[in-house]
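To convert a position in the sequence shown, counted from 1, into our numbering, add 119.
Hints are computed from structural coordinates only; laboratory data are not their basis.
Dumping the calculated DMTMM-like pairs for lysine to aspartate or glutamate here, alpha-carbon to alpha-carbon at most 25 Å:
hint : residue 1 : residue 2
1    : Lys353    : Glu196
2    : Lys197    : Asp137
3    : Lys195    : Glu134
4    : Lys133    : Glu193
5    : Lys139    : Glu196
6    : Lys139    : Glu194
7    : Lys125    : Asp137
8    : Lys140    : Glu193
9    : Lys133    : Glu196
Just the calculated beta-carbon pair ranges, DEER-fashion:
hint : residue 1 : residue 2 : range
10   : Lys125    : Leu149    : 26 to 34 Å
11   : Ser122    : Tyr160    : 42 to 50 Å
12   : Ser157    : Thr321    : 16 to 24 Å
Backbone N, C-alpha and C fix where the C-beta goes; we use that ideal spot for every residue, glycine too.
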Amino acid sequence: MNSRLKIISAILLKEFQDLKKNINLMTMFLLPVLLTLSFTYLIPDMPAGAALNFGLLFLVVMMGMYVPSMLIAEEKEKNTLEVLLLSPAGAREVLIGKGLLTYISILIVTVLLALIVGLEKDSLIIIFLATALISIFSIFVGMMVGLLSPNQRSTGTIGLPVYMLLILVPQLAAMSGADFMNFLAALLPTTYYFQIQERAMTGSLHLWDIRIELTVIIISILVSFTALVFLYRKKGFY
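Please put together the full structure from these sequences, using the hints given.
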């Protein structure tokens, strides 16, 4: 156990060092903050909570998926991913180490966004929990995009339709109310995350009140993890 923790810590430190040198990835960490600041202070007529809603959705989808996909694609581009996965570190340690940096960063930025909009403590706790769960799903999907991409540049081509689907459909469904859009939104875990955000910011909310939304997100985590393991095995890493 101690040796595994040391390996994960070493991979986490390596990813942090690599991240500092990558301007594109650093930008992804700043964009949700800049968007939330802009919507909050430059567009005061926006509906209450809209700035935080969009900032958090952008955070968990773009940062949660784009960053791990780029990190894995970078290793593939350098021909070092297979070496890492087949090394004594093992696939599990590599996955955890690569995903942990993104996960921790998302949680830190979530608190920062909440402070920017002045979110109340009770609402913050609910949104923080929901973000912690949906981020796991996002990271798993991002890793799959990275595995499917031959290089860093292609992660955008492969991942962008997925990113846009997960970000835009929940908001379009809420605004339009069209039957097809509602049906499509019901299939996406980000829709339930979006609903948790809205409910948390409009009144007092307890975990029991969002049990259905949390259950859907947890099921999505399990499905995405299963798909990730299948893809890893197909690539010959397990």
